[in-house]
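Take a look at the letters that make up each chain.
There are 2 protein chains.
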Amino acid sequence: MDFITGFRKKDTHEISDILESGFTGNVKINGMIHTIRDMGEFAFLVLRKREGLIQCVWEEGKINGCVKDLKEGMTVLVEGIVHQEERAPQGFEVLLSDIQILSSPLDGCMMPLPISKWKMKTSLETKLAYRPVSLRNIRERAVFKIQEGIIRGFRDFMFSQQFTEIRTPKIVAGNAEGGANVFKLEYFGKKAFLAQSPQFYKQTMVGVYDRVFEAAPVFRAEKHNTTRHLNEYTSLDFEMGYINGFEDVMVMETEMLRYTFAFLEKAYEKELKILDITLPKVDKIPSVRFDAAKVMVSEKYNRKIRNPYDLEPEEETLIGRYFKEEYDSDFVFVTHYPSKKRPFYAMDDPTDPKFTLSFDLLFKGMEITTGGQRIHDYGEQVKKMEARGMNPEDFTNFLMIHKHGMPPHGGLGIGLERLTMKLLDEQNVRETTLFPRDVSRLEP
Amino acid sequence: MDFITGFRKKDTHEISDILESGFTGNVKINGMIHTIRDMGEFAFLVLRKREGLIQCVWEEGKINGCVKDLKEGMTVLVEGIVHQEERAPQGFEVLLSDIQILSSPLDGCMMPLPISKWKMKTSLETKLAYRPVSLRNIRERAVFKIQEGIIRGFRDFMFSQQFTEIRTPKIVAGNAEGGANVFKLEYFGKKAFLAQSPQFYKQTMVGVYDRVFEAAPVFRAEKHNTTRHLNEYTSLDFEMGYINGFEDVMVMETEMLRYTFAFLEKAYEKELKILDITLPKVDKIPSVRFDAAKVMVSEKYNRKIRNPYDLEPEEETLIGRYFKEEYDSDFVFVTHYPSKKRPFYAMDDPTDPKFTLSFDLLFKGMEITTGGQRIHDYGEQVKKMEARGMNPEDFTNFLMIHKHGMPPHGGLGIGLERLTMKLLDEQNVRETTLFPRDVSRLEP
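Here the protein sequences come in this chain order: A and B. Going by the numbering used here, the first sequence opens with residue 1, and the numbers climb by one from there. Going by the numbering used here, the second sequence opens with residue 1, and the numbers climb by one from there.
The reader is advised that the hints may include incorrect statements.
Once the Cα atoms are required to be at most 35 Å apart in a straight line, the calculated DSBU-like pairs of lysine-lysine come out as [to be verified]: (1) B:273 x B:341; (2) A:10 x B:354; (3) B:364 x A:10; (4) B:324 x B:119; (5) A:145 x B:403.
I should point out that these hints are in silico values taken from the structure, not numbers from a laboratory.
Looking at chain A on its own, in the form it has when it is part of the complex (with noise of 0.2 Å):
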């Protein structure tokens, strides 16, 4: 019997101690061999741990051992001096007297990818192949703490806005989008889905606290393998009621991507760097009705309009351009979709009906955001799901907070490997995705 009381002092330095708090003198920090550069009389080593790099210097005679016993993937625990060195490339070098390994990789077994490169100039085929070690480059992790960075500022803004924190089922009885993007599930005899937004639930949550946000997984069965499509990624979603209309919704995303584009700037400055990423502004956002864009587009880019009832990824593209041109705005609010290219749950323009009180962002010439407002009454979802040729008896309990009762509502749903893809100007979103999912990869 023992007892667990809590941290004790610890016996090692932590690289931020060095690199950022520029301690000097005796060291002993950990670590895994990045790269080797024997040198004959001496040797650079470097080490990489989560906060970075840092150099080592191996020199004969001042420690015992052979430095071709070392070899890259290596984890050691080493002592040293370490000093301020403006050779080095992280300014700090530590002059080794002691090393010591902790873990080897397998003998005889070479890196499949060379990722102490700062730029790998691999394909993405071989990078997705072997993600369990590109991810290890210092630019390839950068990415991914960034979108951290995006996650932590979205979640951290809706605790401002006194939103609450919610978790729904990913298995579910019935799906809210619609479609056959639909994956199926055996549930204990019965047919189940896997969920392709929170949608019913958000609603739902709604009429408990007012104000939600989840930031979860969700599945699309989506058949094509596109640069922008998964089957699995993580929806930024929040949904919030007493609202005068739609636009309440976008000015809290607006407000959101203000704050969380700040979040950024101070917190993953770092990354920011290594990436070599400008912030897009985010002052003000034009607003555009779904009809005058496609109009304005068709004008200066001398385009036919072969659909009025949708945007083609082309048109989107497009209206990217023109507002970047004419305003210098990354991102459009494009407002008033269609009433027939909208779920069920939208709520139709009372002054035209044909068009639904909703939206799409466009960041960069990409839909990253769907959201509008929501139908509250109860005879009028119900009326939308007969028009539909949908039975309302197949959604009594989404139906019950229609039916005691629910605030003027609505919501959006982002796509987080989007945002970070355009973010980073990415030009496919599995660069963005730790471990896609698409029709021909279901591993690693």
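We have chain A; now place chain B onto it with these hints.
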């Protein structure tokens, strides 16, 4: 074309402006009608918002309209004068001068449950069947605020310890925990599964960021309906590199619990009071070997040891009772579980390979955490797989990390709903799950 620029000055007050900041005078507030008590000449109207309840007084002649037109579940915008009133349950009262109906529930439809009662005194079955409505009860919603607080405390602590937050796939090709309790899925003609845990991925990410965590859903196709099993639950996972032993993981968990309970005490004081919860002490947590714990309870409670290699639920309860009685501790770490009861990635104790370098954390007699040190050496991992009749070639992606080097590491997974259940002294884990999934429950 328009611009979205950000928040404008609000034209309504929040209930918290009154209840927490003591605002008095003319107010305009919105909310849902929680109860109406019609006294004839006047009526009490209690509004519900996320922050709590506020009592309004409807006095004949001072306001237009008829109180009979109002009903529970309506959302309204009211105007009036707020003043301190000792006899009002919240210490404040609004004398109404105007009321506007924002939305109405379905006509002639009664609330299926007395949600405005302090305690609903309804069976769990009924509460779950009407979950979208029953959650509107003040005590019910406090439960899930506490749960939000736990997850926030967990994350904040992890960030303070330089852990990186990750998002790992829930659709997977193979599973770490083994056994039959896996949900199967058709994935574009391939066989896929729902992740039982993020185990492979969190170990993988230790090679990238040293320390990682995730709070996300996991899926277990458990066929038995018990008071402590769910088929989908939230797992709080962390995994850390450069450990000296699995004790480092237990220390981290102890510190996390301490931080989280302190955070709850500060930020969720209101909800703790609503539910009358006393937080447990976590200044030190006893730690006892699996085999020793079995002997201890066998001797003290005169109970025969039937299976030396497993803990029966009743034994867990008795171990919890033992440490409460002997050491006044609600928590106890049970360490060194038998190897045959732990997954293939668990590190065996070199001094006795029949046991593992692992632990469970029991809270009031129930397992809420499983953790331990993992194998980091390629040869050792392959050998253990082979000894279990597994084919290492089925685990090429996982073994990639061992092949290319991993620090000594370990971690754990905490069942969020179970932790909440024991903290709130509930008897069924469904009480602390928003929308539980079990063998017979796929809705709401």
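Outcome of the hint check:
At most 35 Å may separate the alpha-carbon atoms for a hinted pair to count; residue 273 of chain B and residue 341 of chain B exceed this at roughly 41 Å. Proximity of residue 10 of chain A to residue 354 of chain B is assessed by CA-CA distance (about 31 Å); at most 35 Å being required, the pair is judged to hold. Distance check on the hinted pair: residue 364 of chain B and residue 10 of chain A sit about 31 Å apart at the alpha-carbon level, within 35 Å; holds. A C-alpha spacing of about 29 Å is found between residue 324 of chain B and residue 119 of chain B, which places the hinted pair at or below 35 Å, so the restraint holds.
Distance check on the hinted pair: residue 145 of chain A and residue 403 of chain B sit about 25 Å apart at the alpha-carbon level, within 35 Å; holds.
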